[in-house]
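Asker: What follows is each chain in one-letter form.
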Amino acid sequence: MSETKVKHADEIFKSFKMQSVSEFFKKNAAMLGYTGKLRSLTTLVHEGVTNSLDACEEARLFPDISVYITEIGPEHYRVIMEDNASGIPLDYIPHVFGKMLAGSKAHRNIQSRGQQGIGVSGAVMYSQVSTGKPTEVVTSTGDKVINKVSIKIDVEKNAGEILSRETLKNPEKWRGTRINLEAKNLQYNRSKYGPYSYLKMTAIANPHTRILFVEPDGTKILFDRNVREIPKHPKEMKPHPHGSSADDILSMIKNSSATRVRTFLVSDFTRVSSKKVEEIEQLSGLDLDINPKKVDWEYAEKLVNAIKQITFMAPPTEGLIPIGADSVRLGLEGILAPEFVHTVTRSPQTYQGGIAFIVEAGIAYGGGAGNNGLDIIRYANRTPLIFDQGGCCITEAAKSIEWKRYGVKDENAPLTIFVNLVSTHIPYTSAGKQAIATEEEIYNEIRFALMDAGRALSRYLSGKRRASEKLTKKKTLLRYVIETSNALGSLVKAEDNSKIIKALTDIVEKKYDFEEANNGEEVTTVSEENDVEEVIENGQ
Amino acid sequence: MANKSSQEVPSILGKFGEEIYEQIMKEESPSIKIPLRGKSNVFFDDNEKVIQLGDKFSKRHFLNVAHTKKFMQTVLVASYCRRLVEENKHAGIRELYYALKHTVEGSKENTFDDQAESNPIIEDIETALDILREELNLTADRRGYIYGDIVLKDGEDEFNASKLGRGGWAVPGTVEEIDFLNVNAEYILVIETAAMCDRLIEEKFAQANNALLVACQGQAPRGIRRLINRLHTEKNLPVYVFTDGDPYGWYIYSTIKQGSMNLAYLSRRLGVPDAKFIGMTMDDIEDYELQKVTEKLKDMDKKRINEIMEYEWFKHKDWQEQMKKCLKLGVRIEQQALANKSLEFVAKEYLPQKIENEVFLP
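Quick note, the sequences are listed as chains B and A, same order.
The first sequence begins at 6 in my numbering and counts up by one.
The second sequence begins at 67 in my numbering and counts up by one.
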């Protein structure tokens, strides 16, 4: 022991820092979505596409996104993703692509897509870790030049490092960003966990987007734009006191400029009036006039406990932007070309007493709907949830419904169930952010939405069944017309059987035309539709 | 129900067709009214002592998919029968089935799939228009025969039914045209099985007892029933029925006596309410010591006994006793079991004694 030189803490932490970013990445690869060959490829695409969608939304542009995947070796793929967003000024390129955990939305109480992964820099990192190669970024803000750079993440500095840079002329005034990276340990296929399914789901929930996808075998797929309206940008909302933990309060305090806890509570939370602060004060017995910076864990916990016992107004919901029932319908129709679609957007609700959410649901039946049977497609703030389907609140709610009661015959029915949960805070079951926890209020809302859509489906299916039954009946009747008319003709010695045929045909046609005119309502005459012939008692 | 001439029948059928024709031309939903047959529309007429048809009707609609095919079949059969009568031809009911069976134009479906579909349609027309099958020139397969001293005229032929050999004369499905020229008999004995009838012929039972023997060979066909009815009403001959001692034999008796539920509309023309039952009875087992030659009842037999016990015309206490006894003993007894005594026993002792002493069931 004595021979061993004792290391100074600085030395230990130097190496710790050296490794931190890449170690962090490797250790948390699974949490960040880079686990499994297929899932890693889907995550790469996801990070790029999400970045593009957000950028376009912020710039109020209709997204045109292209994704090219090519196989360049065993388990080795090139991924090119291009968008038409506002482009990235040269100075910000290292920041956007090179700094891990640099998301602009972290720690903000706002509905956002990017709750998964760590942003597009994660993709750069994965490429770098698996191949040692930099990522090529081509971008222009639509001015005179196009910047083409090779970027790597400097692990030590946790910053993007531009290895080479080229300035191209931009006579066409091209605007957008194109990322070109390669990575190993990947696999491509069309399963529901792959990029194809991910992009299809993205297109359904973002019907204002056009996505061109080229698969490794050269197949081109266009998920076209179905809505000519760019979604509203979500607003940042102050948190509601219910639903905030001691930890939340402490981190909020760090960003607060309030000088007293009293004012912090009123200004940094929603629905907290000075009258409510007095209640908190009485219940907690805390001194609310201290400087928030002095608040410790114990103090924060007492605060939370008091808050729990007080009723506040429900949180405002104007910050939540659902896709909208109409857009979901257009998305489902455009991408799945089903026979029938019904969509529902529920009104806002809260869970855990203070977190606002909205459930949107849709049912598509027939056509391209279903995936060899029931297909549940899940979204959180429009972002497809691909993995961990089994443990998700949406799956549980969808499966808890007895679809038979809504006219769905069996498990092989071509049915797609769409559910999007909109919230500033999605309660994921784990850091993987692929499954939503079963919060009772959310579970119930999903069920209500699906039952609502189910009723519409049931009406459609029974109408369809009726129509087909009616057609069969009409055909049956018409089949007997000639035979009956000829026999009748010979029984009454008619000169011309065709007169009877025509008259009887008219009677049949008229009956069914009349029914059609009556909106499919069956017009039943006495004793009709019974197998048993009508019984008449004499004298009645 | 008066006999209808061959002039009347075509016009009745034509009128039936014209009503449908009118409905169609007036753009009304075509329908046919047919008296309901079967258990729900029959009752036991206590005055006339026969099963009668009630007054319930069913309506057959062309526009009701469940009725359409039957509607078509009804018109087909009516049309075919009109032609038969007008052309003065006769057809068997199976011939009718084959004559009308073809593929419905523009489909893979047949007008009739089975004779079981055409037979009830014929009965529908009979009841709906009050015309007999015989009057429609339809004949059924002949079954059953008559043996005994009776001179019959059938068309051009005259013959004595005791001079045709041991086979007697096979009774046709239609006996309306038969004339009874000379009857030298005191009663009619109706026998369920041909084997028993053959036994009695061999034993010269008819000659010794002045009886007409009629073998119905199971459930009596319409020709046989009509013949018995006519001999009974026209020649005043009593009718005795001799069947196996089991629910099926007893039901054969009841059909001859009161008519059947299915042909309730014909009961007055076919039934013989005065008919008497001679045997076999459950009492015979004891009286003639036949315990050793009984057969065990099967579940199906017991079920049938319970069924017919409920029929109004079996409510007579003597019959109820027979059936209770049958269930209690759990056995049935066949006519031919009497051979256990001796071959001649039935002809020399059993039947003559019963008739002499009037040991009958009502």
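Hints are computed from structural coordinates only; laboratory data are not their basis.
Hints are supplied without guarantee of correctness; some may be wrong.
Claimed, not checked - Taking lysine-lysine and the DSS-like style, the derived pairs with C-alpha atoms no more than 27 Å apart in a straight line are:
#1 B/438 to B/243
#2 A/364 to B/475
#3 B/516 to A/136
#4 A/99 to B/515
#5 B/507 to A/99
#6 A/364 to B/479
#7 A/381 to B/507
#8 B/515 to A/125
#9 A/92 to B/516
#10 A/381 to B/504
#11 A/92 to B/480
#12 B/197 to B/153
#13 B/475 to B/438
#14 A/174 to B/504
#15 A/301 to B/498
#16 A/81 to B/504
#17 B/515 to A/92
#18 A/381 to A/364
#19 B/475 to A/174
#20 B/480 to A/167
#21 B/480 to A/136
#22 B/516 to A/99
#23 B/479 to A/155
#24 B/498 to A/99
#25 A/364 to B/498
To be verified - Stretches of chain A that chain B covers, calculated by requiring three or more beta carbons in the stretch to come under 8 Å of a beta carbon on chain B:
#26 254 to 266
#27 373 to 383
As the list claims (entries may be wrong) - Label-pair distances were calculated between CB atoms; the ranges are:
#28 B/416 to A/173: 33 to 43 Å
#29 B/372 to A/207: 52 to 62 Å
#30 A/173 to B/372: 29 to 39 Å
#31 A/387 to B/415: 39 to 49 Å
#32 A/149 to B/507: 20 to 30 Å
#33 B/507 to A/207: 56 to 66 Å
#34 A/173 to B/67: 48 to 58 Å
#35 A/261 to B/470: 56 to 66 Å
#36 B/507 to A/376: 48 to 58 Å
#37 A/149 to B/501: 42 to 52 Å
#38 B/377 to A/173: 29 to 39 Å
#39 B/501 to A/120: 33 to 43 Å
#40 A/207 to B/407: 53 to 63 Å
Every value quoted in this text rests on a predicted model; they were computed, and no experiment measured them.
Glycine included, each C-beta is placed from N, C-alpha and C at the ideal position.
Asker: Return the numbers of the hints above that this structure violates; sort them in rising order.
Answerer: Per hint list: 2, 6, 7, 10, 12, 13, 15, 23, 25, 26, 27, 31, 33 and 37 violated.
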